[in-house]
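**Q** Each chain, letter by letter, is given below.
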Amino acid sequence: MAELEPRVIPIGPFHPLQEEAEYFKLTVEGEKVIHLDIQLGYMHRGHGKICEGKTYDQIPFVVERICGICSTSHPFACVQAIEDAANIEIPPRAAYIRSIVGELERIHSHLLWLGLAGHFLGYNTVWMWAWKYREPVLEMCEVITGNRNHYAMFKPGGVRRDIEEGMIPPLLQVLDKLDKKLWMLTKAVLDDPVLHARLEGVGILTKEKAIEYSTEGPTGRASGVAIDVRKDDPHAAYDWIEWEEIVLTEGDVFAKAKVRLLECLESTKIIRQCLEKLKGLPEGDIDAKMTDPPDDEGVGRYEAPRGEVFHYVKGNGSMYPERYKIRAPSYMNIKSNEVAVLGGSVADAAITLAAVDPCYCCTERIAAFDTKGKLLHTWDDLVRLSREKTAKMGGGS
Amino acid sequence: MLKGIKKGALTRSLWVYHVAASPCNNCDIEILDLLTPRFDVERFGILLTGSPRHADLLLVTGMVNKKVLDRVLRVYAETPKPCVVAAFGSCAISGDLFVDSYNFAGPLDKHIPVDVYIGGCPPKPEAMILGVVRAIEKVKKLKDL
Ligand code: SF4
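Protein chains in written order, with the working numbering: chain W, 1 to 397; chain A, 1 to 145.
Since no wrong hints were added, every one of them can be taken at face value.
Pairwise CB distance ranges (calculated):
| no. | chain 1 | residue 1 | chain 2 | residue 2 | range |
| --- | --- | --- | --- | --- | --- |
| 1 | A | Lys-124 | W | Gln-173 | 16 to 26 Å |
| 2 | W | Asp-285 | A | His-111 | 42 to 52 Å |
| 3 | A | Thr-49 | W | Pro-10 | 12 to 22 Å |
No wet-lab data here; the hints were simulated from the structure. On a predicted model such as this, the values are computed, not experimentally measured, just so you know. Beta carbons: idealized from backbone N, C-alpha and C, even for Gly.
Extracted from the complex, chain W is given alone in its bound form:
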């Protein structure tokens, strides 16, 4: 038999399986994937730099547009960073409302993933069902925040809209119905022989590798890495209510699906408790006004549906931040694909790549090249530039 030569299969930048423009180079030997090269940068928009030209009140709107699916996670971390820098304590009612919006987003994001995963497998029934049940969640978001996505709900010091007393019973009703549907969907997926056959043992990420690649969120938790910012560094209302962190150990695509589905059920639990707690708190007390712009550094962390979002802000007493830095979880999660797809078959590559729920627009970095293909700013250059800037601003080294 003739020797098999490695071949390259390009996926992207525009590919029917991808919502976003990204480029993967799969090197295969026969059916087996032997190498994966990931090229990012098609979606880079430079949020960090834009934020440095905006006032603290405007920044939540800017970071909201980092990602349309986690459009609460980024503002969540952002306002916490600003509050940390300005030393503001938010009222409990605002904390509960933040958690409610955050968890609604988690449900819709996980259902979205489940649907797309079904779509990638060619199992469109799962897609249609999951997205059908996602609609009531979006409706709840619309009722609470005024928009289906991009909620514009958070501001430094609190939230912009209150959840009125009269809204709570109807919301609870919708939640009850949603809960039933979610249970049904979870059971249907976990019992489905097709999904078992297709996903079990596929794209396994071992715990060691998960830690080595610093994976976060459901990707890590499906491989037995128990990290969840909501538990480890409680903020908003997360340590005032009862909920569980879902951790599984298998590390395959099926485990990732299971973690997400079970998390949806936890989320409805959180929302229900938060809504109940709202009843006992004074209405309208949702904003601890930020009076002076921060003159200090602050960090904010939030467990987005895909993992930890980290925002850093450095203020200098003016209305504009001096430095703004964002770190989204997908960057680490996407990298873990390098080990998860290796050795698997080409047919499994698409679903394995999708299993970390990649969100490229959160993650984009750029590198500048000249026309001959030479890298303009190497790591050392960047370190030097950053030191020069810090020195110019009169800070430490």
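Once you have looked at the hints, place chain A with the ligand on chain W.
**A** Then chain A with the ligand, alone, in the frame of chain W:
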């Protein structure tokens, strides 16, 4: 005769190719949402295709950045003409708040001819359906097709 066929093809059962030119994902997700049971535009024969070569309508989302611009132009070149191009969302129309970005390559209509503008951040699904209807109306009015 051929003209009549082209017009008929463009006004019925539009096939859509979705070009993600550096969006925030929200516009894209809302497009997919249109295909799912709540809105189900497949009733009208509207279908997402996997290749620009089969497309009648290009839905371009996002602020076009410098890296993706070249690819957007290529996708446009690959689409059989006549085709309808829709700038989808504030980003594609004007750049939205990304006009300040160092990676912004200018609004979409600077680079390729745009027929319909669907505004919003993201546009509501109803607005998208309206946008497609407008596109069809526009094609019907064209004389030299
Ligand atoms: S218009 Fe809004 S929702 Fe659409 S891609 Fe731009 S920022 Fe995202």
